[in-house]
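Trainee: Sequence:
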Amino acid sequence: MDNFKIGEEVYVIYRNPHAVNVANIEKAEIVEHPTNQKKLAIFLHDAYHPLAEDDAVFSSFEEAEELYNQLFDYQQFD
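Going by the working numbering, the sequence shown opens with residue 797, and the numbers climb by one from there.
Derived by calculation from the structure, the hints in this document are not laboratory data.
Each residue gets a CB set at the ideal place from its N, CA and C atoms; glycine is no exception.
There could be a bad hint or two in this list.
[What the hints assert, rightly or not] Lysine-lysine pairs mimicking DSS-like chemistry, simulated, CA-CA at most 27 angstroms apart:
| no. | residue 1 | residue 2 |
| --- | --- | --- |
| 1 | K823 | K801 |
| 2 | K801 | K835 |
| 3 | K823 | K834 |
| 4 | K801 | K834 |
| 5 | K835 | K823 |
[As the list claims (entries may be wrong)] Label-pair distances were calculated between CB atoms; the ranges are:
| no. | residue 1 | residue 2 | range |
| --- | --- | --- | --- |
| 6 | Q833 | F868 | 21 to 31 angstroms |
| 7 | D869 | N832 | 29 to 39 angstroms |
| 8 | D869 | P830 | 33 to 43 angstroms |
I would like the entire structure built from these sequences, with the hints used as guidance.
Mentor: Encoded structure:
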């Protein structure tokens with residue numbers, strides 16, 4: 797988390813809250829937390845999400861895609 801700076805564009809693996817087996821790689825922005833200026837947040841889908849240690853946040857699409865393919869490689873089950 798210390799690697800990210802305010803204003804940086806990042807990529808996150810975002811699970812659909814309405815369909816738990818659906819996830820996408822989404823572009824987001826690192827921003828100052830709206831209620832705690834000492835913390836960072838992810839601005840995604842017009843909402844603030846506190847940045848947490850276990851968030852799947854990556855500096856590049858390729859990094860996100862690599863983990864996404866490992867987690868959601870359905871071809872391995874064919």
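Trainee: None of the hints should be skipped; say for each whether it holds.
Mentor: Hints, one by one, checked against the model:
1. K823 <-> K801: Within the cut-off at roughly 15 angstroms; holds.
2. K801 <-> K835: holds (11 angstroms)
3. K823 <-> K834: holds (23 angstroms)
4. K801 <-> K834: holds (12 angstroms)
5. K835 <-> K823: holds (20 angstroms)
6. Q833 <-> F868: 21 to 31 angstroms: Between Q833 and F868, where Cβ atoms are some 36 angstroms apart, the hint is violated.
7. D869 <-> N832: 29 to 39 angstroms: holds (37 angstroms)
8. D869 <-> P830: 33 to 43 angstroms: holds (36 angstroms)
Against the hints set out earlier in the document, a violation occurs for number 6 only.
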